[in-house]
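Q: Below, each chain spelled out in residue letters.
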Amino acid sequence: MSVGIISKVHPVRSHSNAAQGGINAALNPGDSWESHAFDTIKGSDYLSDQDAVEIMTREAPEEILHLEHLGVTFHRNEEGKLGTRAFGGASAARTYYVADITGQAIMHVLYEQLMKYSEQIARYEEWFCSSLAIDENGECCGVVTRNVADGSMELFQAKSVILCTGGNGQVWQPTTNALICTGDGIAMAYRVGAKLMDMEMIQYHPTTLAGKGFLITEGARGEGAHLLNAKGERFMEKYAPNKMELASRDVVSRAEQTEINEGRGFPDGTVALDITVVPKKRVHEALREIVLVGRDFAGVDITREPIHIKPGNHYTMGGVKTDVDGRTDIPGLYSAGETACVSVHGGNRLGANSLLDTLIFGKRSGRDAAARAKRIDYARTSKKVLEDEEAMIADVVSREKGSGRRISEIKRELGETMDGKVAVFRDEAGITEALEIVKRLKEEAKTAYIDDHGSVFNQDLLGAIELGYMLDNAECTCVAALERKESRGAQYRTDFPERNDEEWLKHIDLEQTDDGPAISYSEVTITQWEPQERTY
Amino acid sequence: MAEYTIKVRRFQPESGQGPYWEEFNVDLEPSLAVLDGLLQAKDRDDGSLAVRCSCRAAICGSCGMKINGQSGLGCKTQIGEAQELANKKASAVGGQVDNAPIVIEPMGNMPVIKDLITDMESTHWTKIRRVTPWLLPHGEPPEREYIVEPESMIDITQSMACIQCGACVSSCLSMEADPEFIGPAALAKAYRFVGDPRDAETHERLHDLADDPHGIYDCTHCFSCIDACPKGVAPMDQIMRLRRKAGEEGIEDPNSGHDHELAFVKIIEKKGTLDESLLLQESFAPGVKGKLKPSKRAIREMLGSLPTAIRGIKTGKMRSLHKLIPGVHPKLPDQDDVKAIYAHAEEHSEEFNLYIKGEEGELAEENVEKGIERSTDPDTAQEVKNG
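In the order they appear, the protein sequences are chains A and B.
FYI, the numbering for the first sequence is 3 to 538, going by our numbering.
FYI, the numbering for the second sequence is 6 to 392, going by our numbering.
Bear in mind the hints are in silico, worked out from the structure with no lab data behind them.
You may find that some hints are simply not true.
The calculated BS3-like cross-link candidates involving lysine-lysine, where the alpha carbons are at most 30 Å apart (straight line), are [claimed, not checked]: (1) A:K214 with B:K322; (2) A:K283 with A:K83; (3) B:K12 with A:K403.
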């Protein structure tokens, strides 16, 4: 068996770094996977598939222990055992963590393991994927890549391909997401005919900095921080009297946005997060990263004064539709993590479930992909896909300066449009307008020009390809958001403010056609948790 | 909004030309980052300007660079502050300047590939792999988690906070002199395993790092890496911890650094002040006192130090010559304060770690606020020390 990892940035630069707060597992004796599953399902506003949630929550404890054995420096309690913290939407403290660098710590330890096993696993660091190869039977047989360092193009043949390219946060501006989160895998899968699911479900995180959109971990509220409006009122009392600041993210984000919209926010369109109520030693021990974020990016010492925050684009619940083994509609093509939609997050992801989703379904995808690779022979791949990509790149590079708009202009207009019209509160008029703008931008992208005509680290060219990915993602989100005529999870339609289980307890699936995304529906799998009214 | 000029050291490998400087004018809030300035120039003026970047929030480690000669992250350096430093530097050589260009260069100690993009693989990552950067536990893992001291995990989390940006490598003066030096980032990574109670190869790791002529004793304590590190990893501190652990393992330090450190502690404990006449002897032949039965190596080292001593006398650097006679240097009359400090340190022997103690500087600042900076109360004396 030969395994290769292709990454457009060095693997340790990947965005799992940004998962600060932790990873959930029902590992404590008093806790149960059923409780974790119920919290996840309730958090999802009953749009998650319960069979998938069961698998994830049952396998979680084993995964935490596996990571611990590999060397992750998880926080310990006084007995030296794994210690937990509280997190939003959870009925028990079941979040395991490394200060507030949990994602970074896990990813770096996994990279340590990659170095350890470098004989068995080839790493292609700074190789960019531009499309998937499909054989004559309609099965995935490889990826077309560009070596960023020298610009050479290569078709990697593969019996199985797993897409783990993260979410599409860069479609919105501002966002907590890194510049690399441009929905590459989602768009590549969509372009070869794989179905996307739940694309309307975009999470706005309750605590991001105004301006650049940096994330303040939910761990802050887990440690006891309060949310205050400009009058100094702890407004969550009105919206979630039981869970207060630790209600689900969609609930907290809507509460904040309501306070801001109704004039009880600060003039900069924010409310305040007060971390000064958390003991200082605890802040330094468990929330050090956000002490630095506050100091370096907002000029605020969070141990002394509240920091201004607002809801900001954060996570793609939807993505490439997969089963519980990561299989997409296309044989040989797998997907896991934020790129995929199994769906365990449904309408709203719980904090500290994203690393878990990635790890569990990444592992399951890997197993199934390996079994497939052992079972089948290499397909005959045609060089045509490689030639097509080379031609596409030659076209972009050949465009004359001034022949169209700059890539960066289109990107900015896209981001501002989506954040303005397809965010916390949505309605038909706004989404329709956004969709029209996205369609226009898609046309404009065809003539947009770049400055760099070289081969070595041509980031300008990659930016043009990424823009194409982003526009496909945006179009799908608009179409799905327009279609779902109800409010559920992250999708809140002011023109349809109620959840409507009778008509909309179903997934919206999208498939590419010449006329844009074609809509179909699929059932939500319900095992033992019947949908109920959702209060916190 | 303010206007800034950024002056970028550029290199376009396919142009056939050498590196050159190019200035870009950008408009930004002073609180935004130097990276935002570069991205604005890239977006508006020249898309071929190459810089690795991703998270914009000092967590991915992509955008290591030199700003006004200082290594750090482009996303974490505010452009307003960079402007102040640029002005200060320009003023130092040519009178008052208000809008000196902010100078941006690729990281040092690494080959440049294009503009601000360096080849980290051939330098940084090769060195990281040199320290066997994965956990080597003993036997099969337990059924549940390893039970370890909670502090031990917090302790190595300081090294774990490293984002592999290379800023420390870029700033390392030892590496400039000896490119084969394992270097600050890789040695901090090494401490992450040496300090990990789950790792079973502590002794082998320490021997490996100590026996390598480019290993832990190649660091010259210049503090550059501590200054450059955007995450408070303090690589030099981790190197010093490795040395201390090596000393505890009985590994001979070619610089006698560990014994030298102990010599200071011992002499001051005894006399309340530093008796330099005892320093050489205590450093190289500790415990021998006046009896002079040092090892051959100690004699060699002490004789080797003579030319330095003579030069010191000749140039007037050593003036109180009579104090060089062992035992002449007087004790400090009242040693109660000194003893109190030693007693307190003994009781509170824990290492300074940002994850436990909080921000460096902050405690000192608080102490100043509380007016306890000069306090002799042992409890607060410790805080002052930490600050």
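Q: So, for every hint listed, does it hold in this structure?
A: Against the structure, the hints come out as follows:
no., hint, verdict
1, A:K214 with B:K322, "violated (55 Å)"
2, A:K283 with A:K83, "holds (21 Å)"
3, B:K12 with A:K403, "holds (24 Å)"
When held up to the earlier numbered hints, the structure conflicts with hint 1 and nothing else.
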